[in-house]
Amino acid sequence: MHLPEFIRSTTFRWTLVVSGAFAVCIFLLFGFIYWQTAVYMTARVDNAISDEVNAIAADPPERRLDAIDARVKQDPRRVRLAGLFSADGRRIAGNVERLPPGLQDDSAIRSVVVVRVDNHGRENQTARAIARSLPNGEVLMIGRNVDELVEIARIVEEALALGMLPALCLAVATGALLSLRAKTRIEQVNKQVERVIGGDLRQRLPTHGLDDPFDKLAVMVNGMLDEIEALIHKVAGVGDDIAHDLRTPLTRVRVRLERGRENARTLEQLRAVTDQAIAGLDQSLAVITALLRIAEIEHSRRLAGFSEVALPDVVREIGDMYEPIAEDRGVTLRLDAADGFTVRGDRDLLLEAVANLVDNAVKFTPRGGRVELALLRGGSESVVRVRDNGPGIGANERDAVVRRFYRSDKSRHTEGLGLGLSVVAAIVKLHGLRFTISAGPGCVAEIACPQAHD
Amino acid sequence: MAKTLLIEDDRETADEIIAELVHRGFEVDWAATGIEGLDKARSGESDVMIVDRLLPGMDGLTIIEALRQERVRTPVLILSALGAVDDRVRGLRMGGDDYLTKPFAIVELVARIEALLRRPAESRETILRVGPLELDLLARTVRRGDRMIDLLPREFRLLEYMMRRREQLLTRAMLLEEVWSYKFVPQTNLVDVHMGRLRHKVDKSDEVPLIHNVRGAGFILRAPA
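Each protein sequence line maps, in turn, to chains V and B. Residue numbering for the first sequence follows numbering that gives the first Met the number 0, beginning at 0 and increasing consecutively. Residue numbering for the second sequence follows numbering that gives the first Met the number 0, beginning at 0 and increasing consecutively.
Quick caveat, the hints were computed from the structure, so don't treat them as lab data. Source: prediction; values computed, not measured. Yeah, the Cβ is synthetic: ideal placement off N, Cα and C, and Gly gets one too. Take these hints with a grain of salt, some might be off.
[Stated by the list, open to error] Below, computed lysine-lysine pairings styled on DSS-like, alpha-carbon distance capped at 30 Å:
(1) V:K233 to V:K215
(2) V:K428 to V:K233
(3) B:K39 to B:K101
(4) B:K2 to B:K39
(5) B:K101 to V:K233
(6) B:K101 to B:K2
(7) B:K2 to V:K428
(8) B:K39 to V:K428
(9) B:K182 to B:K200
[Said to hold, decoys possible] Negatives, chain B to chain V, calculated, CB over 12 Å:
(10) D14
(11) A18
(12) D58
(13) L91
(14) A104
(15) E154
(16) Q167
(17) T187
(18) G195
(19) R214
(20) R221
The task is simple: from the sequences and hints, build the whole structure.
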């Protein structure tokens, strides 16, 4: 059997389940009301007949017949039952044909079926009744018709039917409506999401200006899409930068090769042109290598391979490495490494980070300047600090220099790939360290390493 | 004449490498697929192998691993477009002897092949000699003829490395990897500066130069003829 889709939907099924549970509860409630009413009425009836049987039994025998007659006569609703029977079971007075079996010689009140005889004829009635043996051997029976209880049960049933059916229909209809509505909205969302997946990032989920969870979800997803769109634009921007930084040297190479082909007269001249061209290509390749390196570090999950790295060794090694380079450039490199700091990390990457900082400092400090590479102990962390007295980096550029490819305008004429600090930032992030650039007299770059606990 | 086995699926790259190696006097055997390469390598006839990492049907590393398990000890240079440090470490652990990332300079490739072919045997000698140059590994002293040369520890290691590989072209990348054990390429030309210092100490202006700069390629330590 093929059901309409909304019936198979989860919303609709849950509606059915809830309606079912609701119906059961109502049913139990009505049942309870009926049961309590019956118990209460029975108790009242029982009290009344037990008072009455006591009263009549206490009467002298000659007044009993009158009392029974009076009781039977004052009964327009035909609910009172009374009977006086001789010891052999013959009826002496009252409106009960004979003593019901199961009631003889019993002092408790019971539910029995009796045959009522009066001027309306014979009739079976359900009753609560009690029998009492009298001192003269006769048996007195007093009872009360309780067919009313059956009537009450019928009323309860009717109320149930009248109340429950519309309620259930309403529940099912609401369920169907809700599931239809949910389905429509989900279909809208699906359609939009499909468009987004298809590449149209400008699509947004529909919102209805309501405060329902659907709208909240849609607003969240739209926020996410905004963020993704912005990021993609940013990436595209980085792509443009890359394209630009690659195109510049490549264009130079192309011009050189073209001119070389036209103008070179000797093999030597051609060789010189080729050498220049190769250098230009190497520069472009270095840009790509640096980019891949950053991506590699950023995506690295190398934490597992981390070990204790002695920071003084790292600092001294880089100091040794760069001392001659600084000297060649007429820059003084001062090294100040205190002992005893370790950090959890990858030794090669930490070397690379510090090397990049020193490389930058040495490169951007003018002849006669000073670069200081120091390892300092501060409270709970140690700090690798590279300080120079070069031109420095303006506060407005500090974030930007960490971004890929940014090169401060002051240094456009200096060789460099603009990627050094991005590499440092990536390495520092991987290690969970802190990287700051601030203004000293020149530029101060710091990597703060929390002390490894041992 | 050294026999080289080249396992490389890209025809153009292979042609360039073959042309250059033949020009340099190598005999080159070319295999375009991993299976073919493995068959040729098993014969054990080649003196050195160049293996591309990404081959159709088979990873270059698988070939090397298989060969090493079969106790074929031919030195292998791995070529790869994957430059990541981890890939490099894996390549070397699987039994490669050297690792070169694409794109590479052809001189770099040749220098590394020659280095693999002429790998210095583990010698027990404690004094290395190249021409008038004498390096004492135990006393940590260097002399050229009668002249003592005072070197910093790093310069000492650099010279030791060069003396063990005399008459060989050593590229900047090789020196960075072997002497400084750097896993990255610094932006500044560090090697040139350090080499300049060493040359200044080893070759005085009135002496026959021993350290030679090969333009665009690297350095050679050469005994005077």
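Check each numbered hint from earlier against the structure, then list the numbers of those it violates in ascending order. The structure conflicts with hints 7, 8, 14, 15, 17, 18, 19, although it agrees with all the remaining ones.
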